[in-house]
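Listed in order, the protein sequences are those of chains A, W, B and L. Take the first sequence: its letters are residues 1 to 406, numbered as in the working numbering. Take the second sequence: its letters are residues 407 to 812, numbered as in the working numbering. Take the third sequence: its letters are residues 813 to 966, numbered as in the working numbering. Take the fourth sequence: its letters are residues 967 to 1120, numbered as in the working numbering.
In short, the hints are calculated from the structure, not lab data. Honestly, I wouldn't trust all of these hints.
Pairs of lysine-lysine, DSS-like flavour, derived with a Cα cap of 25 Å [to be verified]: (1) A:K255 to W:K539; (2) B:K893 to B:K816; (3) W:K661 to A:K138; (4) W:K512 to A:K106; (5) W:K588 to W:K645; (6) W:K539 to A:K47; (7) B:K816 to A:K398; (8) B:K927 to B:K835; (9) W:K645 to A:K133; (10) A:K259 to W:K695; (11) A:K106 to W:K544; (12) A:K394 to B:K936; (13) W:K661 to B:K927; (14) A:K47 to W:K645.
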Amino acid sequence: MNVSDTKKEFPIFDNKVHNNDLIYLDSANSSQKPRVVIDRIYDFYTKEFSNVGRSVHYLAIAATNLYENTRVSVQKYINALDKNEIVFTKGATEAINLVANTFGQKYLEEGDEVLLTELEHHSNYVPWHFLRKSKNIKIEFAEINNDGDITLDSIEKKITNKTKIICVTHLSNVTGAILPIKDIAKLAHSKGIPILIDGCQGAPHLKLDMQDLDCDFYAISGHKMYGPTGIGILYAKKKWLDELPPYQGGGGMIKEVNKNVISYGDLPNKYEAGTMATAQVIAFNESIKFLEKIGIDNIEKHEKELLNYATEILGNNNSINIVGNPKNKGGVISFTIEGVHPHDIATILDEDGVAIRAGHHCCQILHQKLGLPATARVSFGVYNTKEDIDQLDKSIEKCKNIFNLK
Amino acid sequence: MNVSDTKKEFPIFDNKVHNNDLIYLDSANSSQKPRVVIDRIYDFYTKEFSNVGRSVHYLAIAATNLYENTRVSVQKYINALDKNEIVFTKGATEAINLVANTFGQKYLEEGDEVLLTELEHHSNYVPWHFLRKSKNIKIEFAEINNDGDITLDSIEKKITNKTKIICVTHLSNVTGAILPIKDIAKLAHSKGIPILIDGCQGAPHLKLDMQDLDCDFYAISGHKMYGPTGIGILYAKKKWLDELPPYQGGGGMIKEVNKNVISYGDLPNKYEAGTMATAQVIAFNESIKFLEKIGIDNIEKHEKELLNYATEILGNNNSINIVGNPKNKGGVISFTIEGVHPHDIATILDEDGVAIRAGHHCCQILHQKLGLPATARVSFGVYNTKEDIDQLDKSIEKCKNIFNLK
Amino acid sequence: MNLKELYQEIILDHGKNPRNLRKTDNFNKDAKGYNPLCGDKVHVYLKLNENKKVEDISFEGSGCAISMASASIMTDLVRGKEEIEVKEIVSDFLDMIKEKNELSNKILKDDEKTKLMCLSGVKKYPMRVKCATLSWHTLTSALENSQITINTEN
Amino acid sequence: MNLKELYQEIILDHGKNPRNLRKTDNFNKDAKGYNPLCGDKVHVYLKLNENKKVEDISFEGSGCAISMASASIMTDLVRGKEEIEVKEIVSDFLDMIKEKNELSNKILKDDEKTKLMCLSGVKKYPMRVKCATLSWHTLTSALENSQITINTEN
Ligand SMILES: Cc1ncc(COP(=O)(O)O)c(C=O)c1O
Ligand SMILES: Cc1ncc(COP(=O)(O)O)c(C=O)c1O
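Okay, chain A solo, but in the shape it has when bound (with noise of 0.2 Å):
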């Protein structure tokens, strides 16, 4: 597949937007989905639906044999050592949750300290908060630079003998800084402190090796991914999975209960109570195979591109102030207008059927640390375009118009 053609095989771009085509330049929010995921869920619904692993009926079979293959081809897209180690959750959000909740139950004690970034999404500081209250633990925040990076040192400086779990952002969603994780594995790991990869960003746009990074928990959305809502992954190295408490009780994650006592599945049942998000797991499958089709050579080559493209257009815009400008860089791009706030930016631009995301994007530590209550975020996909930027570009112009601004 070329991923020039890639646009054609999303139907949301047969659309059109205030009768104009999308521009659809917020991906870091949510991406749109191929036609393979669509059908396949459709597919799933209408021929072969069934419950996995609890029935021994025909549909039941097949579709837990379809759930298992996903794990797999996840395993393997991520090069993990065991199949086991991919755990299903209902997003990246539940995936940092599932963490903090267990290893915090099992190895977090008061005055522990969990090193955080400044550029954490609330999604990586909110569930480690929680454990501040319940257990009087300490958070600390390795600080950005003046270009929005996070650098080794930055991290190293905030270490202690009291840190035990270092969590960090693969790629920022805000500043598009991507993170040296497999130096800070190896910082951590030589201190012997886990590390936890938010690989929200990371997972739909960077090379995925586990054991090159060498990261105990990396937490991944399948809607970020190409693949629907309601499914996220988090990838452990099997020692944290064995040695952890479950998390969420219930139907499957047992193995043998009395009125007594209770014991719990082997992996990867353990971490995985109730009924899964069978479809949306199943239908993931085609998200890999999309990616791997493509290929994340040729991914990270146009998501490049298009982000120096961008970056060249929007830089040579005088009115435009560009958040951060970091050594290694994805595609994303947060950016204030002097004069224009953020939601009129948006607003303006999604008249023209250009969809992007103003606020805070989930960091407001970030955006306190900027002194910016608020920014302009685009964000790429496999679908975009230079000629969506040129787009964007004409809009902002636009804007720049309304507001009477050069």
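For this one, chain A is given, so just place chains W, B and L with the ligands on it according to the hints.
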């Protein structure tokens, strides 16, 4: 819509299983999906997809409205006072975990008691067991009588001044027993104890009126209610949702975040952290409309007829032993055949396209009590017909033949 | 074109140079408003005299053109009014934004109403209604002296 | 018809009247097996003599026709064999159930192999393979004296 025509609304029945028509008698496990629901998912992804609540562009606004529309539909369907009493979860299991976790955090202390029944599904036991381990609470079980029924009396007997919450199923997924929820709520409230209803089997088959039942919490599985997988509902009286702490932390559920403190959003956001199962919630609105179109009275009547017919046919079969004989019973029949293990029954029936379930149905406590390691179970949905039961009967005969039984 | 209706000159002017963006000395009523999704914030300060008349009103905060303009116009129009009149204006404005086509109060003069009607462009932008109403809800809360932070999310 | 292959007379016979369904006196090896999804349980008891020969083997448990027949046939066939031979039979059986068409060990006699091949009908029933293999995995575990309960879910 005439209930006898509903099979046509379900595309799955256009398919063959082992060259036979599919006779789906496993709805207590998960129901099949009507075309309107499947189409809604398809249309949403192909024409309208966006994340909800976070962006101000056209698609995001539309998705947010659709998402909130489902909340209102559910509110009306179950007669809740306020739309913010409806919390979307990934399933009933998560809904119960949410209550156990947050209620446990806030109100349970060492020595306190949680009262369940012997009919409970693991999903309404394991989450409470977690509190037994972490908080040293006690779990009591109201006992079934000889008919496999839970009476008000058996509940009353186990209430002590340490009982802090009573958690019971609405309709047993094994014996089909319908519990006297309204009376249990009255009894519990007269002693100042809140009650949680596991409504997994109640919601798809019984009239739901939260004002009439007057329960504090009611948990629902979308996928058993002709809805997509990956969505569940927690109904909770507003005062509880206001008082209890949040469950998962992340984007969307906060008000203000800084490095030291975090304040949480108002309802309904407080309990909906991270990107929710947007498409599933939106499509679930069609499930509700589908149920409303048929009418719950017609559904109850239809399923009662099927139950009576099946009970008569199976009851006339000397080899069959029906499990339990509750006074008030829903469309679930569990049975054993002397000399044929339930798994063998299920395999043989499956060859004829008859899908049933065999095992402990996530109710090990009950099976231990009954002295049965496993049972075979048939359960009904709107699409079942008397012909389905005739085929069931034939296939059971075949099963007896294979095992050389009279 | 709807955008022209939304961003009328008067809105752009008030948005850019909001009137009464300061803190009233010796205010005796105040309240905070917040929109958690977009981060808009407003803090309204009131000084009611012994006759329950608005001696001064001001606000602090940050937000988009719509929310700043709305707060600016609002504070301009209610200064000097009696508390009971303020309440009527507020509820008339909110009704207009929600459903009605015009303002029906007998307190404001015609040119004042025209000014206020400039905000009616948001009716075509459901997500922006909150921007226009935040300061008004906050004013109500200040008058009621309620301690709750107004949250336009719900 | 596949069902006929699955439920051959010999399976039904062993399923209904399992041989060696008891507990060996003075056993010196044992292990438990469990299938959490269907509730099948088996407990295998072994008595190895000083020459590492199976002096006695028995089992307790409950389950479907396939799992009971499999345990019954297994215990019949390995009695009297050396430990090393038992291991070979087990792995040959498991290979056959998984992928191979026949048994290749040189330990069992032809009629014994025929008996064992009666279990090959499960190959067409993926969900039932676990029923056929549970007791065999449990036997391995008993020989290894591992303390882990065998769980055929994975
Ligand atoms: C009575 C009962 N409770 C709880 C559950 C769990 O529901 P879910 O698996 O959808 O979370 C089920 C379904 O398996 C059930 O039948
Ligand atoms: C960096 C980052 N982390 C976490 C999340 C939360 O992911 P989800 O909402 O899918 O649970 C997001 C997406 O909003 C994100 O961009």
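Evaluation of the provided hints:
1. Under the criterion of a C-alpha separation no larger than 25 Å, the hint pairing A:K255 with W:K539 is consistent with the structure, at around 17 Å.
2. Taking the CA atoms of B:K893 and B:K816, the gap is near 31 Å; set against the 25 Å cutoff, the hint is violated.
3. In summary, the hint linking W:K661 to A:K138 is supported, as the alpha carbons are separated by about 21 Å, within the 25 Å threshold.
4. Using a Cα cut-off of 25 Å, the hinted pair W:K512 and A:K106 holds, with the two alpha carbons roughly 20 Å apart.
5. Among the hinted pairs, W:K588 with W:K645 is consistent with the structure: their alpha-carbon atoms are about 20 Å apart, no more than 25 Å.
6. Annotation: proposed proximity of W:K539 to A:K47 is violated, straight-line Cα distance about 43 Å (limit 25 Å).
7. Our distance criterion of 25 Å between C-alpha atoms is met by B:K816 and A:K398, whose separation comes to about 11 Å.
8. In summary, the hint linking B:K927 to B:K835 is supported, as the alpha carbons are separated by about 24 Å, within the 25 Å threshold.
9. For a cut-off of 25 Å, the pair hint linking W:K645 to A:K133 stands: about 22 Å separates their Cα positions.
10. With a C-alpha separation of about 40 Å, the suggested pair A:K259 and W:K695 falls outside the 25 Å cut-off, and the hint is violated.
11. The straight-line distance between the Cα atoms of A:K106 and W:K544 is roughly 22 Å, inside the 25 Å bound, and the hint therefore holds.
12. Restraint check: the Cα-Cα separation between A:K394 and B:K936 comes to about 23 Å, which is no more than 25 Å; the hinted pair holds.
13. Between the alpha carbons of W:K661 and B:K927 the distance comes to roughly 32 Å, so the proposed pair goes past 25 Å and is violated.
14. Proposed proximity of A:K47 and W:K645 is contradicted: the alpha carbons are some 43 Å apart, above 25 Å.
In terms of the numbered hints stated before, the structure departs from hints 2, 6, 10, 13, 14, listed from lowest to highest.
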